[in-house]
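K.L.:
Starting from two chains that each stand alone, build the complex the way the hints lay out.
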Amino acid sequence: MIRDRGQWVMVGVAMAVLLVALPSAPAQSQAAYYAGKSIEVIVPFAPGGAADVGARFAAPFLEKHIAGNPRVTVRNVPGGGSMLGASFFAANARPDGLMLMCTTSSTVFPYLFGHPSARYDLSKMRVAMTLAFGPVVYVSPRTGVRKPADLLKPGEPLVYGGIAATGSDLPVLVAFELLKLNVKTVLGFEGRGPIRLAFERGETNLDFQFTPVYLTQVVPLVKEAKAVPIMTGGFPNERGELVSRDPVVPDLPSVFEVYRELYGSRPAGPRWRAYEAASVLTFTYGLTWWAPEGTPPDALRAIYEAADRINADRDFQERGKSVTGGYPLRRGDTVERAVQKAMRPTLDVTKYLTDLLRDKYGVRF
Amino acid sequence: MLEAAVAALAVFGDPLRLLLLCGGVLAGFLVGMLPGLGGIVAVSVLLPLILRLDARTALATLTGALAVVYTSDTISSVLVGTPGSPASAPTALEGHPLAKQGQAARALSAAFLSSLLGGFLGVLGLTLAIPVARPLVMVLGSPELFMFTALGITYAGSLLGKAPVRGLLAGVLGLLLGLVGPAPAAAEFRYTFGQLYLLDGLSLVVVALGIFGLAEVVSLLARGGAIARSVDLGSGWMDGIRDVIRHRWLVLRGAAIGVWAGILPAIGATAAAWMSYGHAVATSRDRRSFGKGDIRGVIAPESANNAASAGDLIPTLLFSVPGGPAAAVILGALYAYGIYPGPRLVAEHLDVIYVIVWSFALANILGAALSFLVSPILARVTYIPFARVAPPLLITMVLGAYQATRHLGDLVALWLLGLMGWAMKRAGWPRAPLLIGFVLAKPMERYFWLTVKLHGWRWLAYPSVLIVGVLLVAPLVWGVVRGLRRRSRPAVETPPAPRATGSLRRLTTTVSAACLACLALALWQGMGFQFDARLLPLLVTVPGVALAGIQTLRAVQGEPPGPAENGDDGLGPDRLAVLIGDELHRFLQIAGYLLLIWLVGFHAASLVFMLAFLTWVAGMRWLPAVAYAVVSVGVFHVLSFGFALRWPAGVLVWR
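Protein chains in written order, with my numbering: chain A, 3 to 367; chain B, 7 to 661.
Derived by calculation from the structure, the hints in this document are not laboratory data.
You may find that some hints are simply not true.
[To be verified] SDA-like cross-link-like pairs, simulated, lysine to any residue; straight-line CA separation at most 25 Å:
| no. | chain 1 | residue 1 | chain 2 | residue 2 |
| --- | --- | --- | --- | --- |
| 1 | A | Lys186 | B | Val458 |
| 2 | A | Lys362 | B | Trp463 |
| 3 | B | Lys459 | A | Phe178 |
| 4 | A | Lys182 | B | Ala193 |
| 5 | A | Lys186 | B | Val145 |
| 6 | A | Lys155 | A | Leu358 |
One chain only, chain B, in its complex shape (with noise of 0.2 Å):
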């Protein structure tokens, strides 16, 4: 096994070799500071790229690229609350709060460190995980992965928020986004409403960036100024490794959560993250800064990601399986040269693993040094008034998702669920459970009828699925056991927040009503579907209308959404009702630039927003605007170009 390491260590004393893992890093690195694009965009780039070198170094390449996206994406997440990748949304939750108090600094040194960690302790895993993944998989059986995403989904319930009514209605709704698209256990496509673009499901990455990403930049426009509010980038960048040091413990909770997601097939690096998040969150004895920047909730969910795509890598290279749909294109490569993994793999050709190995060590340590050096840069960005920074923030965005299945579908459904992030926002809504539900939808409803069908109802007395079971329904019960406790102690007299009222009751109200209504279509379109279709929308719906119909009574009488989730504390309803205002009216704008995408194409049409925005909206004298216009749609024209993009070409165009 040493003798195998070595060898293959020995791969990288080619230069030309290291030449191309450092090609591979830069690649991975600049998609996956680009929101949107992620792994499968680098890995898919360099494909056809690659595939005429020889196999040990197209693998370093690949591995090189796969390996830092996690560590990169980081950077936008931070800086402008975009995620870089769906699985740095916490990230974008926890870390982007803090650049805007002024220690974005802080906040990306933690995430870059606990990246590099994070990614270390992945490949340990995965170097550990050899002798030992046959036997482990062999006990994974369909009952077991169906009770480990029950477990996932249970994470969510650390992160309801201070209104737990509509933290369990957004990952209802998480779960209906999840549900759309084919059944697993039936011949039957659900919610596709007719629409082609509908039958394969909504694409992650597109709901990440409409949820979080395009919710963040509306509001940010909105706000005016720039991103940061006090100027001060100071000495950050020792303290966010201080934090790490402090926290050592929760990285390692973190890669560990990580490696287990990777290992499960079902489960990839955003559920990984958002399931660090949600246990560092449970296990916090303080949890009220979280939410509003908390340095542990960017540590946790980093190191979970870089772990994740490690740990992906152990069915795809120990049993052929891949362990997401990055590890699938790196699984195809190797067909491609004839690997074919598996136990003969481990047994024949060792080195192949250990020079997966070693690049991505290798990679992680350049990811993360490249990160430190072009981010005091970037972190700058945070200075300039954002609405100069957004319009290529949005073209790039636009980009990303038209990426997912290149049809105008991606656009409409990205602008519909950035309205959607947004109202959930404005009115107080926790986003979390939504994308957890999102992704943990589908996996589990797959493997519990596989369960069923395959095990009848004996799996419930598996030794291994009690086991699961337990450290399901503990913190369960520990929870209700801590709310009684608290109850009987004397309540902390905490002055009731004032009554919504006025455009924020109106926003509050009309959220709450267009999830009952969602809800309530869902259902009844819900019964028309054959019973394996069927179930687990009625069980997901059921309850949720009768929530939704709560919390819009509650709406009505005029609840406030809280200040955590809020993000403009002490802003007077006047105020309020215009930034409302002003939001929306961005929202229009944005819908009116992918109109004008979808009549005269990309290019054109970037030009003509960004021409229009700068000069009205970020007051940019002509010239300039006209420069910055040009020279930004060139990049991404050269860009798009260099990743073998897609653009919308536009109906009025001549082709």
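This is chain A alone, in the form it adopts within the complex (with noise of 0.2 Å):
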């Protein structure tokens, strides 16, 4: 119900901006970079999908937070295969922090694998900030698999249903490599809440979902016992290493650890590094705010300071819970390093990646 009168005057305002067209004046503060400034967010996807969900949940967050109040709108340029929009944002964006751009996995890979149509260059343009996305692994019971040991002798063929090879699907394809798993891949469904209804169905019984859709959608079917979670893609430790576990999941184990328990060893060599790079971009930092090569200082500053008081932000913290899984936002100036490393695999990295996705998911470069 709408009471006290500030939301009459937001709805006064909203309405106002709807029927006469204008904008209205943002707050004014005289010494911050971005006072009666607007940041325009290009997301390169269509309405309604991860990157604009989250752009949209952050943007009144960044209005109350970065100094000076800049107004924040959030602008779809899809097509393309998200690569319209981020050749779109790389050809327009001035330097001037006033535009943004908020990107998954399935903008960087491209980038990543030298498509020709990617023409925007993620390495010269600077991290505002990134929120994290966590994948839960999860299995049929029918497979009688309880544990992660139990991936090896699984007592029917896993079958696992994913979206494309170079998509977001990518890291967890390489850890079914790196655990040596044998599963069969279908690919081409149209999204992973189509994949989900498959698993429900019976029609795949080894899945991974975002932790905001599993802790709501699929934890239901893990009380009801039809879905056995095994496994998080785990979460970097200070070194930036992927070895830590997922703190929204704390009590799944991470790749990392199941490799070891069934092998024995630290994973190590081109596998285990090209699963960290994967699963690093798509999910450590699978929302990546990004601004253009030459923001000012003081742009990006103001957005760092704000990242932090959105995260000390109540209404941040309780909403986020059921929206992003309960990530904060990380700082650009804190995680650039790490973002820039895992788009620079080594050579034998890039070439493995490049190999399995040639010879086994036909992909051509």
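P.N.:
In structure tokens, the structure reads:
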């Protein structure tokens, strides 16, 4: 219910924008870089996807917590598997911090694999902030798998449903290789929602979902004994190694732990590093807000500081629990090096990934 | 359950909520009326505004906007033959001829009433689905979804028209257009010709606008005069209502098709409208008036598309799986509120679902009332010389098409598809199979491969698959049987249509030969794809090339286009040659406008285009033309600002 006057004012403003099409003047604060300005966040996907939801969820918090209270609007530029929007951003964003881009790994991978249509250089862009989206891998009880070790000798063949090998499925597919699991992979689903339904119907028996969906949609299945959670993707420690447990689902082992349990040693080599790179880009920094090269330090600092303040915002914590799984925002300056490092894998890692994609999944480079 | 329903109704006791719902309805109404803008625009424009409200108010506003789009989109379909949204393309096919015959009022009132009823039945379906949807969706695996998309394709069969070869070829072309972009089952992009714009495939909005809208506008322009031939508004409003009462079971069947299409994730409102239209044609004894303005062809799709937008909400609310693009935006809004739809929503927040149910019902009433209020005024458009109506309409279409990806490729695609639609129309190719093929190509391919890979070949023996298989095969068998019976009866002698000659023959030959060339190119390119990406293109193009060869031979021999699709019965060859030349001329003018947009941007180009068009083509005097053009572009500016639309900036413009 709308009770207090503040909300009425907000509604009034909203209606005014709708009908008269005039933007409201943002609150002024003279000293701040963003005072009296507005930020446009480009989302290179259609409305309704993960990047769109994340960008829109964060927008009002950014408005509230960036010094100077800029107006923050979200603009969808879909097309070309997100390459159209990212290329648009690269061509149009001026280094003034007034245009940002919010992406997922679907934008990063074409760049990483040198797709000819990826006309944007992420290595030159600045990371404004990031937000994690952790994966939880679970199986059907019909497989007889109760714990990670059972994955090597399932009661029925493991069948995994995915969207496309070069998208958010990539780290999970690499994890299966790393753990030497015998999995039949069926790609071609239109989204992770239909994949979950296919799992529930029994068409597949091995699946992963992002933490917010896991917590809301899969945990009820676990309680009904229709799904068995197995592992998470893991989380980086202070040195950036993907060896810690996911803070949102701390009772599940990570891929790192599962490997150690199955094979008795720390995972290493190109396979492990390929998993680390793909996983970090897809999950740990699942949502990344980019600023163009040459963005003034004042602008970046304002966003970094806003990220800290947003994390302390009760409302963000409360709503974030269900929207994003409860991960805090990460300041760009603390994660930029890790993001850039993951985007520049060593030659053997690149070779491993391209070989896997080409030989097993028919991707042409 | 009843308690939750009543509690949800109390939500609307707050006058502000009611006001916002009305605001949503108004936004959806406007967006639906403008060709090219649809539910996604309506919902996404509201999104930033409403995310500051509480969840229930926000949902009421969003649902309000979504619910009326398929009511008001009828207006431009009927009046100017340009689909207000892709889902009302069948209405344009049948309702617009009625408007030309001076029966716009009848077509509109029948459409609004069936939209309203379809919406009601849809939302009733949504309410009833809550307890049964779970087991139902659990039954619908990939094999079943594949069978249902295949069933949808066979509906196109009843829309082939009098020339089955051309009808089949149109379907083949539609399937091919639908294959552009990423293959679902393999890491391969098909038919993108190195264009970034084509990487995601063609947008449905652009295809529907081009094939039906632009083609219609151009032929209306060339014909000259006003849209309506006979000036008789008359008491058509009551006629339309009587039509709906007479065809009440068709409304019900259309709504059932709509709800069902909504539940199926692969099939949306557009496919629902066409399937419902195909169903109306297939179940009618007398099919002669279809394509020339049959009220049944208005009632069936209008009932279905409103029902489908309610049906779309079933998987969205019960499984967190969006039933369509607009439903995906609503789902995103729910996520942003931390509401994750699914079984838990039904158990814990049943009132949220009922807020949506009530909003949907309320919005349908408001939308229909608004349509009834506004359209008598708008219906007068059909009596104004069309050349004066056309420029703002063209600008709206261009702006609408540009919203698809906000890439200039949208404009090029619109123009090319418009030319294609026009050529098909003139050469007597039915366009309905094309749109059905386009809409269902990818889901059919996707579910075919998922089925084969997940189930091997066992699925062919599944009982559910067999049941749908019977539904699929029965009408085909029935059609053959009926055809044989008819053949055994002495045929009624119809005088053969005169052979096509002169420019008409040149046109039919060009169209057939171009189709053959396209299919041959597609076949040749298709051979280079990986196996999982190659199967459907080859299945489509191999028979396609053969059919196109036959068709080209026939065209060379002077096969007449046939009276039904031509729309200009009884024109002499000389008059027709002039008309065709005139229409091609209009396409060149539009191309000039698009080129100008690329150079100097949307505003300046639209202003120049309108001025030039109004003075030269429409014969207006300078002063009123300037006033008209300035006011129109001003309105577009305000409108596109209000709806957060983007427009091309122009390469020569300093930024």
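K.L.:
Run every hint past the structure and note whether it holds.
P.N.:
Hints versus structure:
For the given pair, Lys186/A sits about 13 Å from Val458/B by alpha-carbon distance, which is consistent with the 25 Å threshold. Taking the CA atoms of Lys362/A and Trp463/B, the gap is near 23 Å; set against the 25 Å cutoff, the hint holds. Pair hint Lys459/B plus Phe178/A holds up; C-alpha atoms about 19 Å apart against a cutoff of 25 Å. Only pairs whose Cα atoms come within 25 Å are accepted, and Lys182/A paired with Ala193/B is accepted, the gap being roughly 23 Å.
Straight-line distance between C-alpha atoms of Lys186/A and Val145/B comes to about 23 Å, which keeps the hinted pair within the 25 Å bound. This hinted pair checks out: Lys155/A and Leu358/A have alpha carbons roughly 23 Å apart, not beyond 25 Å.
Of the numbered hints stated above, none is contradicted by the structure.
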